[in-house]
Every structure is written in C-alpha cells, then in structure tokens.
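Undergrad: Spelled out from the first residue to the last, the chains are:
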Amino acid sequence: MGKKLIIMKNISKSFGDQLVLDNFNLYINENEFITLLGPSGCGKTTCLRILGGFETADEGTVEFNGKIINDLEPNQREINTCFQKYALFPHLNVYDNIAFGLKIKKMSKDAIHERVMNILKMVKLTGFENRMISTLSGGQQQRVAIARALVNRPKVLLLDEPLAALDLKLRQEMQYELKEMQRELGITFVYVTHDQEEALTMSDTIVVMDHGKILQIGTPEDIYNEPSSRFVANFIGESNIIKGVMLEDYSVEFFGETFECVDKGFKKSEAVDVIIRPEDLDFISPSKAKIVGIVDSLIFRGVHYEINVLVEGKELTIHTTKHRKIGDKVGLSVEPNNIHIIPRDNNA
Amino acid sequence: MRRLRPYAIPYLLWMGIFILIPTIILIILGFSNLELYNLGVFDLTLVNFRIFIQDQVINALLNSLIYSVITTVICFIIGYPVAYYLSTLPEKKRKILLAMMIVPLWSNMLLRIIAWEKIFQPTSIINDLFGISIDLLGTPTGVLIGMIAMYLPFMIFPIFSVLEKMDYKLIEAAKDLGASDYQTFIKVTFPLSSGGVVSGVIMTMLPAMTSFVLPARIGLGKINLIGNIIESKFMKEVLGSSGASINQGALISLLLMIFSVISFVLITRVDKEGETLI
Chain A
36 MGKKLIIMKN ISKSFGDQLV LDNFNLYINE NEFITLLGPS GCGKTTCLRI
86 LGGFETADEG TVEFNGKIIN DLEPNQREIN TCFQKYALFP HLNVYDNIAF
136 GLKIKKMSKD AIHERVMNIL KMVKLTGFEN RMISTLSGGQ QQRVAIARAL
186 VNRPKVLLLD EPLAALDLKL RQEMQYELKE MQRELGITFV YVTHDQEEAL
236 TMSDTIVVMD HGKILQIGTP EDIYNEPSSR FVANFIGESN IIKGVMLEDY
286 SVEFFGETFE CVDKGFKKSE AVDVIIRPED LDFISPSKAK IVGIVDSLIF
336 RGVHYEINVL VEGKELTIHT TKHRKIGDKV GLSVEPNNIH IIPRDNNA
Chain B
873 MRRLRPYAIP YLLWMGIFIL IPTIILIILG FSNLELYNLG VFDLTLVNFR
923 IFIQDQVINA LLNSLIYSVI TTVICFIIGY PVAYYLSTLP EKKRKILLAM
973 MIVPLWSNML LRIIAWEKIF QPTSIINDLF GISIDLLGTP TGVLIGMIAM
1023 YLPFMIFPIF SVLEKMDYKL IEAAKDLGAS DYQTFIKVTF PLSSGGVVSG
1073 VIMTMLPAMT SFVLPARIGL GKINLIGNII ESKFMKEVLG SSGASINQGA
1123 LISLLLMIFS VISFVLITRV DKEGETLI
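Protein chains in written order, with the working numbering: chain A, 36 to 383; chain B, 873 to 1150.
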C-alpha cells in the first residue's frame, strides 16, 4: 500500500441532538479500495459527505495529502463523488454530463473530446454520447455517473451505495467492473455500502461501523474470519454465537465439552462468546461427536443446504452439501482454527 | 373512468356555452358587418381589418407590447431571486412568506387597483403619514408600478415551484465536479428552472398585455393599451355613441386570443405535466 492520503482525526458530527460521528479516526492509503460498511444510520454516508466537503465536521480535522482541508469547498477538492441516485443532469446528454467537470476546468475542446470518448469506452457506453439521461437504464445511468466522476482523474473517488438501485446480476457485474477500474486507474476508492457481500468482494480494507464509531478495520479475510465483536460477526455473514468459558490458552469449554482452539490471552475461566461460521460445522457420526443435536429445519439454498440443528436448546445453523432429514440425530465437528473466541458482550 | 364521464358533462356544457359559442360569435362579428342594433344587415367582409392601420390602434398595440415587456422583465428581475430565496427556506418560514404573497391575491383585483390609485394621488394616506407625495396618476411610471405589483406573484410562483422540486443533489454534483456557486447557477440551476421561467413570463406578459382596468384607472385614460381599445369599441356600441364597432372590437379580441393560444402551446411544450401552472 502507498502512503497515507487521507487522515480523518477525531471527527465528531451531530445533527441536532443526534451524534452521527463520534470521535471518528481513520486513515486512507493511496490506491486503496476502502469500504465503509454498516447498517443505515451508522454514519458512513456522513463520513463520506465530510470527505466530499458537503458537510463540515463539528470537531476534528480532515487531512488530504498532508494539508488540512476542513474549510475547502467541494469544488476545491481533488475528490469526486459518485452519488447514490447518480444525480445526473437531466438537461444534458451523456456527453455533456461527462464533460461537465472538464468544461469547468476550461480544457480545450479536443482534449475534452478525447477524454470523454476514452472514458465512454471504458464504461462500455460508446455510441451513447447524444442520448438524454432519461432514456438510459439504471445500469447505464450508473456507468455515466462513474464516468462523469472518473473523467476528472480525481485522486479519490467517493462512492455512496452506487449499486443499491441495480438488480442482483447487474450489481455483481458492476462490482467486478468497479474493482477492475480501480486497479487500472490507481485511484483511491472510498466506498459506502450496507451490503456485506459487496464489501467483501471489492475491498482492500473494510471499516465496519455502527452508531458513528468504528468497530473493526481490516482486510475482508480478517473481518470475516476474526470478527472482533458479536455485532461484526452477525453483520458480516451468518454466525453461530455460543456462550462459553475460556479454560486456559488454546482451550475453551462450550456445550459442556472442552475444545481445542487457537485463541489465547484471556483470563482463566473468563466468560466468552464462541463464534463458529455455518460453513465450518461438519456432520460426523453422533457416537464420535462432542456436539450432538437433532435436525430442526432444512432449507435448500442452491449451492448448499441450510440446516438448523438443535443442541441443548440452542439452534446452530450449518451450511453443508450433505443432506439430513428433519428429526435425524446428528453429530457435529469443528476444526480448532475455525473456533473464534471474543470477549463476552453482556449487552447482547 | 367511463363511469365518471357523466360528471364532466356540466363542465363541458359550461365551456361550450361560455367559451366555444362566444368565440364563434367573435369570429362571425370580426369577419362581417353585423351590428348590435341592426341585425338585418349581414355581409361577410374583411373591411374590419382596416382598424389595424388606425394610429390609435397601432399605438395601443405598441403600448401593450412595451408595457407588458417592461413589466415582465422587471417582474423576472425581482421575481427570480425571490423565488430562489423562497426555495432555500425551511418549510415553516417558506409557508409564512408564501401565504403573505398569496393572501392578497384573494382580494379582488379591482380593489387592489383602486388602492394603488389612492396611493398615487397627490393627497394620499402616504402624504398624510409621511409627508411624501407620490403623484403618479396618469404617468407611465404609475401604470408600470401598478402592473408589476399586480403580476409579480405570477412570475414568482411558477419559478418557485420548479426550484422547490429541484433535486438538491444536482447542485452538490455540480460543485463536486468543480463548479463554483456562480457556475453551478448558470450551468445547472437556471437551465433546470427554465420551464418555470417560460411559464412565469407568459403568465405575467399575457395579462399585462391585455389589462385594461389598470391603465384606465391609474393611467387616467391617458395611456391606452389594446384592452382599452377593445373595451371602448364594445362600450360605445352598447351606448350607441360614435366611433363604435363591435366588429372591430371582435377582430382585435381574436388577435389577442391567437397570442393566448400560442402562449399556451409554448407552456405545454416546456412543462408537460403542467406543474408550473397554478
């Protein structure tokens, strides 16, 4: 990763009585694809708007390329935004929408033409120059919005749930294309979404947020495999969260049995939450198993079955390609490195 | 929808009786020599067109054009910033200000004209209170001020209603792409409000062009607009005095009607949903 391009220091922001960002600290590296992920109302969009210059922080500083830019207007920042509902100009055609920023910069007509045509090719909209915005499909509008921002060659592109309005197939295509573009152009992308799958697919770094605070920052693998809290575990993918007791380093007890694990550093006999991903539980013969339960429900999900097994009154979810019938007695096993321990969250 | 059709009949009848039939009568009158007190004589003729070479009529047409254009331009210059300001206000303040503009419109126009007439008299309430005499009766300035005051709201409302509905994100997008406040206004806000401007211009210019009570009362009859000519042509006929011709009056009315129809077509072009018309 390159150097730190953006540093947000101690940012707080309230709307009325509501604290939206609470002493928020984040740095963003050059050429990074960073995703702010969280439920709606967690402050991720506000964070983006502060970066874009559309909101000013009540407290704290935003540093860009070594300079504090708190007081810079949006039009003075080397940052462009791809808005949630695109915000394309309805009175201009595709060409003029994309050329808008370049015309403001008073570039020559030829240079503008060349840049616009190149970017149109990149977003696969060659031949659409003269179309009015209202005649485009959602996916095409999305591409125009991205082209309009990227054609200015900003250092940073902010994207506010840009794919939210698209259908699943198109969304997956665009995820791939966005990632490709980011890699090709070497522009820093700051992406906001509430869709964990989108975040996992595209990001170099994921920032999980809730109530204006950062809960965890890490690579998609880190966030998925080592969630730092119950909230993150639940928000990113599905999780079985089981109450347990840490006996000693590398040894945890739950469901009345002792399991080997890879976590350490807890106090002796500390109450903990044990997180096991549904795909990490495997069926074995009940006679050999430490965890034994009865199949409670079964849903066919295409690639896998989603099977709920009732173990000592606690329902565990398992994703497996193996078929079991409702009412079957099953044994479950889990590898030590798939048992993830976090401190007990008594509020949950 | 079909079941609702009977309910439209009274209104259709109303339109037929009070719009369609009078229009037909105007056409017949304009292209014939039919007279109010002499219904026996009826010949189709183009002789009424001679009125358009009379100095009095040409002057009145020019006056109508000049006064309505000046009124419209000044209404636009005052009205656009007001509409823009209104659209940026929080809802509560905006409603209060809108009410302050709308409520006076509910009082009769004639009353408001008479009020201006009183203010423009040498010995007005303004003179009593402040010792300032605004002696503008019978002057072009007085007529213009009256017209601007009368028609300004019709400029403000359509522009306001377009600006109010405009997506604020578009302005943010323009700034995001490097546009200054001024550039944003010129390249985004104003073009997007042009529908409201066209509606506002037409809704100001048309009634200004055809107004006749206002120039008659505030202009003291010294400033004749085309409406005054039409009025006098018809009134003199009714009174049986000389210089009367309902045929000529009808022809001038038809000319104004053509203006109205063209304007309406223009409005429907720029504003397909009719959102700027109040």
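Since the hints were made in silico from the structure, they are not lab data.
Certain hints may be false.
Said to hold, decoys possible - If you only want the chain B side, here are some residues facing chain A, beta carbon under 10 Å, derived:
id, residue
1, Ala987
2, Glu989
3, Gln993
4, Leu1035
5, Lys1047
6, Asp1048
7, Ser1052
8, Asp1053
To be verified - From the derived model, a few chain A residues whose C-beta atoms are all more than 12 Å from chain B:
id, residue
9, Glu98
10, Lys120
11, Ala122
12, Asp131
13, Ala146
14, Met209
15, Met216
16, Lys360
Virtual Cβ for every residue (Gly too), placed ideally from N, Cα, C.
Undergrad: Any hints from earlier that this structure breaks? Give me their numbers in increasing order, please.
TA: 1, 2, 3, 4, 10, 11, 12
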